[in-house]
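Participant: Modelling step: build the complete structure from the supplied sequences, incorporating the hints.
Number of protein chains: 2
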Amino acid sequence: MSRIAPLSGFPEWLPPQRIIEQRVLDHLRATFELYGFAPLETRAVEPLDQLLRKGETSKEVYLLRRLQEADEGERGRREDQLGLHFDLTVPFARYVLENAGKLQFPFRRYQIQKVWRGERPQEGRFREFTQADIDVVDRGELPFHYEVELPLVIGDALRGLPLPPVRILTNNRKLCQGFYRGIGIGDVEAALRAVDKLDKIGPAGVAEELMRTAGATEAQAKACLALAEISAEDASFVDAVAALGVSDPLLDEGLAELVRVVEAAREHSPGLVVADLRIARGLDYYTGTVYEGVMQGYEKAGSVCSGGRYDNLASAGDDRYPGVGISIGVSRMLGLLFGASALTVSRSVPTCVLVALPDEESRPASDQIAAALRRRGIPTEVSPSADKYGKQIRFAQRRGIPYVWFPGAEGAADEVKDIRSGDQVTADRTVWTPPDEDLHPTVGAAP
Amino acid sequence: MSRIAPLSGFPEWLPPQRIIEQRVLDHLRATFELYGFAPLETRAVEPLDQLLRKGETSKEVYLLRRLQEADEGERGRREDQLGLHFDLTVPFARYVLENAGKLQFPFRRYQIQKVWRGERPQEGRFREFTQADIDVVDRGELPFHYEVELPLVIGDALRGLPLPPVRILTNNRKLCQGFYRGIGIGDVEAALRAVDKLDKIGPAGVAEELMRTAGATEAQAKACLALAEISAEDASFVDAVAALGVSDPLLDEGLAELVRVVEAAREHSPGLVVADLRIARGLDYYTGTVYEGVMQGYEKAGSVCSGGRYDNLASAGDDRYPGVGISIGVSRMLGLLFGASALTVSRSVPTCVLVALPDEESRPASDQIAAALRRRGIPTEVSPSADKYGKQIRFAQRRGIPYVWFPGAEGAADEVKDIRSGDQVTADRTVWTPPDEDLHPTVGAAP
Numbered sequence: 000m001s002r003i004a005p006l007s008g009f010p011e012w013l014p015p016q017r018i019i020e021q022r023v024l025d026h027l028r029a030t031f032e033l034y035g036f037a038p039l040e041t042r043a044v045e046p047l048d049q050l051l052r053k054g055e056t057s058k059e060v061y062l063l064r065r066l067q068e069a070d071e072g073e074r075g076r077r078e079d080q081l082g083l084h085f086d087l088t089v090p091f092a093r094y095v096l097e098n099a100g101k102l103q104f105p106f107r108r109y110q111i112q113k114v115w116r117g118e119r120p121q122e123g124r125f126r127e128f129t130q131a132d133i134d135v136v137d138r139g140e141l142p143f144h145y146e147v148e149l150p151l152v153i154g155d156a157l158r159g160l161p162l163p164p165v166r167i168l169t170n171n172r173k174l175c176q177g178f179y180r181g182i183g184i185g186d187v188e189a190a191l192r193a194v195d196k197l198d199k200i201g202p203a204g205v206a207e208e209l210m211r212t213a214g215a216t217e218a219q220a221k222a223c224l225a226l227a228e229i230s231a232e233d234a235s236f237v238d239a240v241a242a243l244g245v246s247d248p249l250l251d252e253g254l255a256e257l258v259r260v261v262e263a264a265r266e267h268s269p270g271l272v273v274a275d276l277r278i279a280r281g282l283d284y285y286t287g288t289v290y291e292g293v294m295q296g297y298e299k300a301g302s303v304c305s306g307g308r309y310d311n312l313a314s315a316g317d318d319r320y321p322g323v324g325i326s327i328g329v330s331r332m333l334g335l336l337f338g339a340s341a342l343t344v345s346r347s348v349p350t351c352v353l354v355a356l357p358d359e360e361s362r363p364a365s366d367q368i369a370a371a372l373r374r375r376g377i378p379t380e381v382s383p384s385a386d387k388y389g390k391q392i393r394f395a396q397r398r399g400i401p402y403v404w405f406p407g408a409e410g411a412a413d414e415v416k417d418i419r420s421g422d423q424v425t426a427d428r429t430v431w432t433p434p435d436e437d438l439h440p441t442v443g444a445a446p
Numbered sequence: 000m001s002r003i004a005p006l007s008g009f010p011e012w013l014p015p016q017r018i019i020e021q022r023v024l025d026h027l028r029a030t031f032e033l034y035g036f037a038p039l040e041t042r043a044v045e046p047l048d049q050l051l052r053k054g055e056t057s058k059e060v061y062l063l064r065r066l067q068e069a070d071e072g073e074r075g076r077r078e079d080q081l082g083l084h085f086d087l088t089v090p091f092a093r094y095v096l097e098n099a100g101k102l103q104f105p106f107r108r109y110q111i112q113k114v115w116r117g118e119r120p121q122e123g124r125f126r127e128f129t130q131a132d133i134d135v136v137d138r139g140e141l142p143f144h145y146e147v148e149l150p151l152v153i154g155d156a157l158r159g160l161p162l163p164p165v166r167i168l169t170n171n172r173k174l175c176q177g178f179y180r181g182i183g184i185g186d187v188e189a190a191l192r193a194v195d196k197l198d199k200i201g202p203a204g205v206a207e208e209l210m211r212t213a214g215a216t217e218a219q220a221k222a223c224l225a226l227a228e229i230s231a232e233d234a235s236f237v238d239a240v241a242a243l244g245v246s247d248p249l250l251d252e253g254l255a256e257l258v259r260v261v262e263a264a265r266e267h268s269p270g271l272v273v274a275d276l277r278i279a280r281g282l283d284y285y286t287g288t289v290y291e292g293v294m295q296g297y298e299k300a301g302s303v304c305s306g307g308r309y310d311n312l313a314s315a316g317d318d319r320y321p322g323v324g325i326s327i328g329v330s331r332m333l334g335l336l337f338g339a340s341a342l343t344v345s346r347s348v349p350t351c352v353l354v355a356l357p358d359e360e361s362r363p364a365s366d367q368i369a370a371a372l373r374r375r376g377i378p379t380e381v382s383p384s385a386d387k388y389g390k391q392i393r394f395a396q397r398r399g400i401p402y403v404w405f406p407g408a409e410g411a412a413d414e415v416k417d418i419r420s421g422d423q424v425t426a427d428r429t430v431w432t433p434p435d436e437d438l439h440p441t442v443g444a445a446p
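Residue numbers (numbering that gives the first Met the number 0), protein chains in the order written: chain A, 0 to 446; chain B, 0 to 446.
The hints are simulated quantities; they were obtained by calculation from the structure and are not laboratory data.
Among the clues, some could well be false.
When chains are identical, the list treats them as one kind, so a pair holds in a single copy or across two.
Stated by the list, open to error - Calculated pairs, DSSO-like style, for lysine-lysine (alpha carbon to alpha carbon, straight line, at most 30 Å):
#1 K199 with K113
#2 K113 with K101
#3 K221 with K196
#4 K196 with K113
#5 K221 with K299
#6 K387 with K101
#7 K390 with K101
Facilitator: Right, dumping it as structure tokens:
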């Protein structure tokens, strides 16, 4: 007996929610293209050894096996095993290496796709979700200015939608590494990983972990926490860091870079980017600016976009491909907003006009009216059956279709009714046009 | 050591091909929405028992296993196993049953997603591909007129693109079943499956199989083949069938339905739909009209879209959900056309204008020009570096970017150069607009 039930971690939207999601994705894509990012899609699978290169999330992979193979009890060699990608960065790095000879560098691309995490079902976390990524990758050297540009693109992409404002908390790996080195901590990577847990385990927990895993003294741990407390919407964080009295050339380089990111963003989109020296990002491969975006009112839910500068993700022989990227967690964002009933849409179908049907014999005539409206870009359906007009109007009402079109009988003019106001006027199918705001479903924020 | 190599069966496009694919998908989607189909996406996975309901393709499934589970040697119960969907019909039927209480019927939806087939790699067939499906599903009864409408939607969706014309070969299961019954064949399903192999094994092979699997006599097999030879672009096939002298009420019903499909399509899109009584479609669940579309010039490659009427795919207790759907094999279609270099695109990036950089200090000024152009919907990039202008122009040329914008020095006016013609004119960033055909990449048919 087949079970018909939702699968935990695999969210599915109803049509109105999907209309909202598409509106969001269309806006992201349009913004990315305005900035010249080229579209890209990679296959859903990677060889397992590619997926395991990245560290941290390596255990959350779904492996694939052909059913027949499974039935026969075969077991492939590990290097032949395929797994579903768990992010879009690893496949992108592989794609760049594979196609380096056919791409133009610096290469700007966006990629909007599903990713999968082989989480235990009971954890209630998404196991399938949509991400929207932008990256710029160059061959050899990547100019710093892309680290300034990327959060501005993300800011533009998330503006102009009925979403809560997003603040991108920004830090710089060089700043932290230089500071830790400047105060004499031996294992800088371990220190980064410890500070990354600040939200989860609190200052005392981080201090304990800094001492235990990074070999920090109590004073060093205190200095790390003091650094992590600094945040500012302008360059004033430089003075706050200086007040801690640590000197290191890498620290200075990181400070200067972070100033450029924060100042450019203040000019372009005030309030978008905040220097927040607590942001560490657990992943080892970041080497410069790191980003973590939170939605206003949903800060507790954690980041909805994240990324950073990486120098060592892709290399082949002597060719290095440094890059910088930010990923928007679209499903995560919409999951939060749908959960809070924060978004509305004016109807559950694309249809703007329902053409009524006087009787079943008139279907070809009603089809022709629909065709005439569609030729002018007006989404139109014909009534499924020649019920009484009242019932046909209710068909439109239940879906939020704003207009019902009544074919004129025996030479009389057609009429169109706005079923919200009840207004009914004569109309010419070759001329009549709905108001712009009625042509497509309208997405808004719930009052 | 990580392998960097293409995976057979998992096609990936380069950016220019992806731009073409997106243009195709956008046009399909716009057409589907013009006809009032609501957007839908289902999760990529289904419980294995759901996937195995459908028959035929049941062995070509990819099963999922969490890496950790695999490492621990766990083995889930079969009913808990998840597999990747191999089409969009099975997940849609499941979605309809799961959400029946929240959907409005008749429910029209389109769905554009990846599907996966766990084929052996050496067969060289796609193991991941994109499909674009439309279906109309109703509760209880589904009016016949949707079987007339669906091929017209597909015809519109595939017109207006630089693709070869598609012909939709159409038949009706009732017609075949009535005919087979009328001539006294016992196992009608087996007869359908045998005739479905006509392209693969030829008339003699089908005759042999009809006799072997469907219990047909030689005369019955000959009659089946005579029926399969009939095709027409108008209702004339009715006379050709009548000439075979078989009488059956189901045959008559099927003939009448097929006439309606063919005649309506002749009116709407001459040449789009052809009655072809050879089309059987192997899948058991079709019960009325069946469709199989081929691209002109690529007929040998087989069908690029297919579908039909089904009555028994989804039911729960006393509620039945009959439907009709057609699926376009987008990857299959584009794979054929890319393989033949049949499609072109004017550039490999969305960018319409490259803003040049006199020197690195001027980057903020060039960024402001880009922002002004983007505000008016013109896709714009700023030069990655302040190389000599000749090198910056070559950056644009290599990507097919048509315009380079030169910021005016010290109060002088900006200038914009069409790098194809070499024409350079003064320009105001708040007013200048490229010709419509240059705003976005242009997709065309190769000469």
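Participant: At most 30 Å between C-alpha atoms: does K221 with K196 qualify within a copy, between copies, both, or neither?
Facilitator: For K221 and K196, only the intra-copy Cα distance (15 Å) is at most 30 Å; the inter-copy one is 76 Å.
Participant: I want to check one pair: K196 and K113. Are their C-alpha atoms no more than 30 Å apart within a copy, between two copies, both, or neither?
Facilitator: Answer is within: at 27 Å inside a copy they meet the 30 Å cutoff, but 37 Å across does not.
Participant: One pair to classify: K390 and K101, alpha carbons no more than 30 Å apart. Within, between, both, or neither?
Facilitator: Between. Shortest inter-copy distance 19 Å satisfies the 30 Å Cα cut-off; intra-copy 59 Å does not.
Participant: Please work out whether the CA atoms of K199 and K113 approach to 30 Å or closer within one copy, between two copies, in both situations, or in neither?
Facilitator: Only inside one copy: K199 and K113 sit 27 Å apart there, 37 Å across copies, limit 30 Å.
Participant: My question is about K221 and K299: at a cut-off of 30 Å on alpha-carbon distance, are they close within one copy, between copies, both, or neither?
Facilitator: Answer is within: at 25 Å inside a copy they meet the 30 Å cutoff, but 73 Å across does not.
Participant: Can you give me the call for K113 and K101, within, between, both or neither, at a CA distance of at most 30 Å?
Facilitator: Cα proximity of K113 and K101: in one copy and across copies (25 Å, 25 Å).
Participant: Have a look at K387 and K101 and pick one of within, between, both or neither, based on CA distance no larger than 30 Å.
Facilitator: between (62 Å within a copy, 24 Å between copies)
Checked against the numbered hints above, the structure violates none of them.
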